[in-house]
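Assemble the whole structure, with the sequences as input and the hints as a guide.
There are 2 protein chains.
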Amino acid sequence: LSRIAYVNGRYVPHAEAAVHVEDRGYQFADGVYEVIAVHRSVLVDEKGHMDRLDWSLGELDIAWPMTPRAMGTVMGEVVRRNRIRDGIVYLQVTRGVAPRNHEFPANAEAAVVMTARRIRPFNVETNSQGIDVITVDDIRWKRCDIKTISLLPNVLMKEQAARAGAYEAWMVDGEGQVTEGTSTNAWIVTKDGDLVTRQTDNKILSGITRAAVMEAAQSAGIEFTERSFTVDEAKTAREAFLTSTTLFVKPVVRVDGEAIGNGHIGTLTARLLDLYSAHMDGQGSGKDSAA
Amino acid sequence: LSRIAYVNGRYVPHAEAAVHVEDRGYQFADGVYEVIAVHRSVLVDEKGHMDRLDWSLGELDIAWPMTPRAMGTVMGEVVRRNRIRDGIVYLQVTRGVAPRNHEFPANAEAAVVMTARRIRPFNVETNSQGIDVITVDDIRWKRCDIKTISLLPNVLMKEQAARAGAYEAWMVDGEGQVTEGTSTNAWIVTKDGDLVTRQTDNKILSGITRAAVMEAAQSAGIEFTERSFTVDEAKTAREAFLTSTTLFVKPVVRVDGEAIGNGHIGTLTARLLDLYSAHMDGQGSGKDSAA
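Chains as they are written, first to last, in our numbering: chain A, 1 to 291; chain B, 1 to 291.
There are no misleading hints in this set.
Computed list of lysine-lysine pairs in PhoX-like fashion (alpha-carbon distance at most 25 Å, straight line):
1) LYS203/B with LYS235/B
2) LYS235/A with LYS203/A
3) LYS191/B with LYS235/B
4) LYS142/A with LYS203/A
5) LYS142/B with LYS203/B
6) LYS191/A with LYS235/A
7) LYS203/B with LYS203/A
8) LYS203/B with LYS47/B
9) LYS203/B with LYS142/A
10) LYS203/A with LYS47/A
11) LYS142/A with LYS142/B
12) LYS142/B with LYS203/A
In case anyone wonders, no lab produced these hints; they're calculated from the structure.
Dropping the structure here:
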């Protein structure tokens, strides 16, 4: 099977998927993106992702390059052409091609690129295995609520984690509070048993998986608090985990090398992972087609 | 004349200059750049730009894709093929193409793109015409000393300036101090007559034109201080100007709508513009070929 990408209206072989060097995404990081999970051929939380894309585009004043409905159709087609049952769709919208000047060009047409790839099917047992995080100074800009491709800070901090043998870096703001991971949201169960994740504001991205987990918790009568927490609270937490489109609910078993709980997935984390698993299974009314 | 771009080892027509959608410059803003002026067919301050590129690449741990000398040859060739006597060379180096993951890929080869375009020849009289700046909250990340393509914040602030009818936005940090413009360095002559530009640290880019102006000032016995200054100092300044590769020494005659001096280029600014003009004329021993 040869991979197919969608680039500005055309489905092309992955190797030939190219954009102009003056695409503002390439010269200015002037664009936004989404990563959407495909679970049993269904796009998970498609509406949530499209709503967030709408927010990101709006904040950058980029017009939708097609209707959200048409984008759904293209996503479905990319999934189909790449024969993906379990995987992800990556989609990127930039302000388009224009001679290089910082300010918005008068007549650029937004560019759309979509790729997809398989990942191993979601499995509760595999996903229960914990990972390490380190903490780093949050060096990012002041609008982390927009899901932009201006990701170099995240890249540098993720690389720092990788070199430390950790999976993720939890970023810490000037007040010593954890903001989020470089590509994930951060959660803890405090030593007193409170389920906590940071409130959304311009310091973190409003995660779609984060929202789904909150909703699932609420439905199950599990209380949680949206507030910031310190590195010390994280290190002394009973449980910790992160949420993201590709990691779902993933236990964190060490923070800066210090063991969290007993080093295995915590009780509440396991319950939330089960609830999220059910949430994914319930997508698209369980039908085996893209929503 | 059809424009020619250099893309990863090949000289191609501008319209066909393309990079893969998984070039990390496009997905992560994982790259750096330089803009170099061409004055009478000579690259202005080529060594300064190559030294800064070396700094930027080093901070991102990207290996030089070719020697600085070879890069000089390619720049000269791009200038020649585009028949540029007065203009700019834009060059961009990214970490290269790799499947999308935040951390550095194991085996990516850095990608190099170069374009060039003509601009109207430098002219002291034209360049003496003043422009407006506005002041905005500096929303950027904490490593503005690296010349990266992660420029979305700069784009947004430059657009804000354009919508306010100004040419540039001077960014103001949390302490009320001006850092720099979105693509230029900021200078003032205080009401007491002190020539001031901000010290270099991780809040501003170490401008090549800024350095050339400082050197020219020093040679001419003009004193200056490298320190941060407030918006209020800027608004009550006797003179103000900005420096950049494409604007050289450019008078600022209004800050947030308030006139600076008498609304025309100031005496010291004019002198520095003359000195910078001489600096450019003295490049490459005045020979009419790319350095």
